[in-house]
Each structure stands twice: as C-alpha cells, then as structure tokens.
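Peer 1: Single-letter residue listing:
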Amino acid sequence: MSARVGRGALWAFCALVGVWLVAPALIVVPLSFTSKASLKFPPDGWSTRWYEHFFSDPAWMSALWTSLEVGLLVTVVATTLGTAAALGLTRAKMRGLALVQGSMLAPMIVPGVVLAIGVYAVFLKLQLVGTLMGFVMAHTVLALPFVMIPVTASLSGFDRRLESAAASLGAGRWTTFRTVTLPLVAPGVAAGALFAFVTSFDEVVVSLFIQSPYLQTLPVKMYASVTRETDPTIAAAATMIIVLTTSLVLIATFFVARRSRAHQ
Amino acid sequence: MPTSNDLAARGAGIELTGLTKRYGDFVAVDDVSLSVKPGEFITLLGPSGSGKTTTLNIIAGFDHPTSGELTVDGTAIAATPAHKRDMGMVFQHYALFPHMTVAENIAYPLKQRKVPKARRAELVAAALATVHLGEYGHRYPRELSGGQQQRVAVARAIVYSPRVLLMDEPLGALDKKLRDWLQLEIKRIHGELGTTFVYVTHDQDEALVLSDRIAVFNRGRIEQVGPAEELYERPATLFVARFLGESTILRGDVTPDGIGVCARLLRAPGELSEKAGALVVRPERLAVREAGFSPDSEWNALPATVTGEIYLGSSRKLELRLPDGSSALVREQAGSLSDARGGDEVTLTWRVADSVLLPDSPDVEAVLT
Amino acid sequence: MASTLQAVAPPAAARQPADPERRPALLVLPALVALAVFFLFPLISMVISAFTDPVPGLGNFTWFFSESQNLRVLGRTFTTALWVTVVALILSYPYAYAMTIAGTRARAVLTLLVLVPFWTSLMVRTFAWVILLQDTGVVNDLLGTIGLGPFSLIRTQTGVVIGMVQLLMPFMVLPLYAVMSGIDRRLLTAAGSMGARPVKAFIDVYVPLSLPGVSAGCLTVFISALGFYVTPALLGSPTDALLSQQIFTQVNGLLKWGRGGAMGVVLLGLTLAMIALLAVTLRRAGKKVTG
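Residue numbers (the working numbering), protein chains in the order written: chain A, 781 to 1044; chain B, 2 to 370; chain C, 6 to 296.
Just so you know, the hints here were simulated from the structure itself, not pulled from any lab data.
Derived DEER-like restraints, expressed as beta-carbon distance ranges:
(1) B:Gly326 with A:Arg787: 57 to 67 Å
(2) B:Val210 with A:Ala945: 48 to 58 Å
(3) C:Asp245 with A:Ala803: 23 to 33 Å
(4) C:Ser157 with B:Lys85: 47 to 57 Å
(5) C:Leu34 with A:Trp845: 29 to 39 Å
Here the structure is a predicted model, which is why all the values come from computation and not from measurement.
Note that beta-carbon positions come from the ideal geometry of N, C-alpha and C, so glycine has one too.
All chains should be modelled from the sequences, with the hints used to inform the complete structure.
Peer 2: If you want it as structure tokens, here you go:
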C-alpha cells in the first residue's frame, strides 16, 4: 500500500531530522570525557581530566562565576521589571499601549550585532565596559521579553474579580497582590525568571563587545577558545552549560505547562 | 439558463452483503446486508455509535470492511479507492475549502474530471441554480450562513452528476427552522436529479420526511428496512418501535391466548415463540373511555389513571398510569377530545389489530437513553 | 518570533478598564526606562554615528553602497539567509506535518526534539558544529564510510548554512505546526470524495491552507538569519564574511564607528522591512481565516 510506504518514509525522515536537531549538542558530552588533548570524535579513551582542568583554571572559573553572578542578577532585575511592566500593560488603559507593548518585545528582533555596537558605544561613554553592572543591564534588556511573554500569558488568564473579592474581604492593595495575584501568576513569573537566567547565561554577541580581559562571561570565554584553542576543556564547559540550561528550561516548561493546565 | 436538467444522473443500485467492520474487539458494523434501488432515497437511521456512519464511510470508500461485499450497479467496488468511486458526499461540517470561492469549490470535482472550462462554468451555474444560490459564486464560504454553506456543499456534491449521493448528517449543525426547510430542498433536489441518495441521520423526523425507505441501525446491525409507514405501523423490533415515533409498551408473559399485562390477559395480533413479550401501541391508536367501560372483542381494555395532559393545539397528549406502575401515552386529535382530566380514573382501549406484539428486549432502554 | 509575540499579547478589547488613578502605567516605567537607556539610546547613537562619524553627512552610506566588496557582502548575506530559509522549510514542512498526524506520545517527542535545541546554548551548538564539520570530523567520517569526501565543510558557506538551519529550525517548525494543526483534515477526505487523488488533494487543499504558516516561518527564519553573528563567524570563512561579521570587524577591529553604524542601519532597515512584511502577511492570513 502506497499510503503505508509514504507514512513510513515520513517517519524515517522525521527520525533523521530529529537526530540532526539533537545530536550535535549531544556529541559534546562524550567529547568532554576524552583522555586525549584533541577534539577528535569519537574519543579514543576516557577521563575526567578536562573537568579537573576547567575547575583549576582561574580564567575558566572566573568566567563561570561571572556568568552565574550576571545571570542571577539579571534574573532578579529582569523578573522584577518585566513582571511589573506586564502587570501595568495588562491593566493600564492609555494611548499608545500597543506601541509600548511592542517596544518591550523589540530586543527580540533587532539583530544582535546592531544592538551590540550601539551598546558598546554607549557603554564606552558611561564607562560600563567590562563592568558587572554593564553586563547586567545589557542582558536585562534582552531578557525582558522572555519574562514578559509568560507573565502576560498568565495574567491574561487571570480573573481580576478575585482581586475585587479579596478587597471586599478587607485586604489592602499590597496584601491582595501578595496573597492573591502573585500566587496565581507565580508559575508564569517563575518561568520568566528561568528564561531570563538562560537568556543571560547564553548571550554571546553583546557580551563580546562589552567584555574586558578582566571580566568575561562563560560564552565569551568559549567563543575565544573555539577560535584559538583545540583543548577539550571547552567541551567540559559546554557539557556543563547543556546540563544547566536544559534542566532550567525543562523546569520552566513544566511551570508553563502547569499554568496553562490550571487555566483550562 | 442552466437548470438541474444539466445535472440529472441515472442513479445506481447499491448492494451490501454481509458487511462487517471490526476495530479490534469492537464490531462497528455487524453483518449488514442492504439492497438500495437505483434512484431511491434511503436513510440510515440510528443513535450515535449504531454503525450507520461507518456503513456510509464504507460505501464512500473512506473505510474498508473487515468482511462482506459491496457492489454498485453489480460491480464490486470494495477495492476501489474513494476518489475513483464517482460518488458525491455531503459532510456534516460541510468541508468546504476555505481558500476557494463558492464557484471554485463547486468546480473542484469537475477539474478532477478534466471537464473543459466552458462546460465547467455551465455546470457550476446549474448547480448553483439548483440550490438557489445563483449570485453567490464569487463569495468565500466564510461569508455565507450555515444554511447557505450547506447548500454549497450539496451543489458541490451533485455538480458532476454522481450516480450516488451520500449525506452524513448534513443538517446536524443547523437550527430547527432551517433544517425543516432544507429537508424539503433536499427532497426536491432528489426528485429533480434521479440520483440514488443514501442519507445518514439520527433524527427520526428527518428520516420520515425524506426517505423512500429507512434502514434502522442499532449496535452495528440493521433492525428493519422499509418505507416509513411500514416501520411506524409494523415495527419489527421493540427498538424500532421505541426509536421511531412514540409508543406505549405493555410488557408481559406471552401465552397462546395473548399476553398477560396488569393481571389481565390482553389479546394480541399474532403469536410469539418467546415468553417475554411487549405489546406496542401508537398513541393515536389509543382511546380513553369512562372507568368500567368494557369494549367488544375486537378491542382490549385496561384501567388507568390520567396523570397529566399537554394541550398542543392540533392535538392533546394524555399521560396515564397503569395498575402495574408503567405509563401510557394517548394522543387525541382536536375535534375528538375526550373529557378526561388529570386525576381521572379511566379505561384505556385500543383495537387489537392496531397493536403489535414483539419480543421484549430489556436492554432497549439502555441503548436509547 | 514575532508570531509568538502576537499570539501571547492580549487583544486590546480584553484589557481591563482603567483604574481611576493611572497607577498601572507607572508599573511599566522602570522597564521602559531600562529599555530607553540600554536599548533605544544605543540604537539611536548607532544611527547617529552612521551619519556623523567621522564627519557629518552621508559619507558612510556612499562608501557602503559604492564599494563592490560591501555589495558582495550584502548579496552574500541575502543569499545565505535565503538558502537557510529554503533548507529549513524543506526539512520543517514534513516534520511539522508529522507532528499534526502523530499520536500524543509521538507528538510530545517530536515537540521536545524541536524545543530542546531551541533552548540549548547557541554557543554550545555552534561549537558542536565546529567539531562535527571539521575536516576530520564526524560528518566527513560518515561520508567517508559511504565512499564520499572528504569535503571541506568548515569555513565554507555550506557549513554556515548547515549550522544555521539547525539553529533556526524551531522558528520554522513552530509556526508551521501552529497553522497545520488548525487545518481540518476532513477537507482532504472531501477532496477525495470528489475524485482527487490523495497527492492532488494534498496539493490543492492542504498546501494552500498551510501557506500562512509557511510565510510566517520563512520570514522569521530569514530575519534571524540576516542578523546572525556567532555561527557564521565560527563556521564560515573570514573571506566570505556576512554583514554582521563586517559590522563587528569595522567597529571592534578597525574602530570605524561610522562605517559600522551605516552597515548596522542597513541591516536594521532590512530586518524592519522584513518584519513589516511579516506583519502584513500575518494580518492578511488572519483576515482570510476569520473573515
């Protein structure tokens, strides 16, 4: 039957595409356990020496700490700003609201390099190049849309009469927000926070411009290593990034899924 | 001026023999045999899950029988794919192509048949005229009302003069008034074309209005096939009696002399080999007389209490309770109303010849409710 | 990505009536300020430098459009983005279609396969492609076993396209799937009943109805591919640089802020034009479906 053959071919094609989608990232994992000092795949022998090397090399370690530090700060700042903005935008009624909303999401569509040279120029003037503050603010702007999207989504499914109910029961504005609004939109906020962290933790292009020899993030250090070295430490770094970001995203996706289920 | 004459077709005869369709352990269609005459309007009637739609899909070629035979005009077509069967189909949800105009939708089957462009335009115009949508050719389906979309679907299915037109609950999504009107339209179109119509519905009124013959489906089997009048007056099974129209059902033990109901022996037309029987009487065949009335031997009588009355203008319905607790329904025509009122003790009577004795099947109620 | 945004942003009519005091608007302010200082201001200063550095005027733009080198870069950026889009579409269309006909579990697997790379670090995936595509890499080994190659893949346009397609495929698959899952498959049955062979029915009915997803996916991928930096920088050849790499070189290497800015303006302009196209397409598609 030709229909069955066609269907078989379709599934085979999807399996190939699926492998092609996922496998590239996964070959990094075995590579990080190679015993040789080369990026040959598949490795000839196994060891954990590149992890030892990663954790004993001050350059890699400081890049890791910088990335974690920047990532956590961005998470806090972007989640706060993004949640407040999403709240404001879903409730305010004013002229140009759509414009504001659109501009909030603009960082997602402007090419990274274009934004990067602008940010670089401004940061040179403000002396923010190579500073923690600089990284945090640049990444925050990029992370804002990823906070606003899930938070806006959970707010749009939120019944505002619940707030009125809380108010009628004697709760003040802040108490209402803390005890009613926040718990109900919390999954969206949590997802946004995780996406914010991942956005910052992954950012390369802008970071390449605003780094300094003394302060660089992990992806920047990786970028430099790919262009210069052939030392598998980078594979160890990549593996750790995969584990960290994948688990964070899976958690975030779980939150989003739970939220959408709760609102059905 | 194009008319439905352009679309007239010689209807095909369809023969189903021992058709069975299994999905794993579930038997959707169970040994169905049915002979449809050329040009006939036959309705497959039954509750949901009774196998009527699966049977239609097998005729259309969307589904394949596990066993059994299917012939059209004497040719076996079980192996013919749907697109080569030359049948028209009207779907419950119309299935109009949203990206094509009404005219493009109707021209689509003609294009598949490589009908020349000029002829195509004529036929599309004829089909649109037949369904009274002459000026709507350039519209998109979304710009039409539900009833108009339904007529486009009909036009699209008849434009290539198929030998058989299959319709799957085509009026299911429309409101009552529109449905009543479109039923008449479909009947008119059937009369004009001469195509064989196979129509699936769960609506008994629709089946009664439209059909030359009705096949009543239950649990994958055909319970009875026949003209509406035969099904109504002489139901072959309790299921048919219950599904088609209203009836009073008197259950009891069958003896050679009749059937025992409410500690009385009622006379029954004919005999039954089964012990558990059900005497079925249609509401308009029942009459209400004063308590203690005793009729002649042509008639049966039972004491009853009137529990409710519903005035319907042209008629009146009375609900009665019998001594064994079961209920009966009487319909009296305006102009010959009795003076029975709620709470009255009365005698319920009917002619023996107006009742039907059927084997009881206790699970009928479960299927219907 | 704009399509995701539109889907999430609530329609104006659904918004709540204004509070008597305009306090909600104040909540937007901090984010707006951050956006103004760290996003809008940088973009504006880039545009300004394009027109003023080193001297005021259109010098940087006349330089850009008069040097054949630059026009070649622009052309290459376009063709690369186009290739990426075409290859991504060819791979994604059957994939998204399979997602619509798959059972619940198979669909979850297919979705996961698209989404996990979506969120796996860009840097990591590009690094992985560097290893895969190197002259002694896995791809050449595999090709070698079937008697082909070795091909030089890294530092070529082919390598760039392969890497970018993989990175951008989620942006093609997701809008395609969104549109395809809304197509009534009964229409195919209907076309069959009217005499159309299955393939013909698919082309006549399914493909036209999936076009909104195709155009949304293609434009999104094309837009993203236009501005891609890391992947072409690491997988491509320095002599075949794309616009984003040239911008990087002008500013970071040569300190030609004006020229880099002018290129940035061109890239931004192209991107915005494509986004406008996307918006128009989506609106038209929306109209066509809802009427």
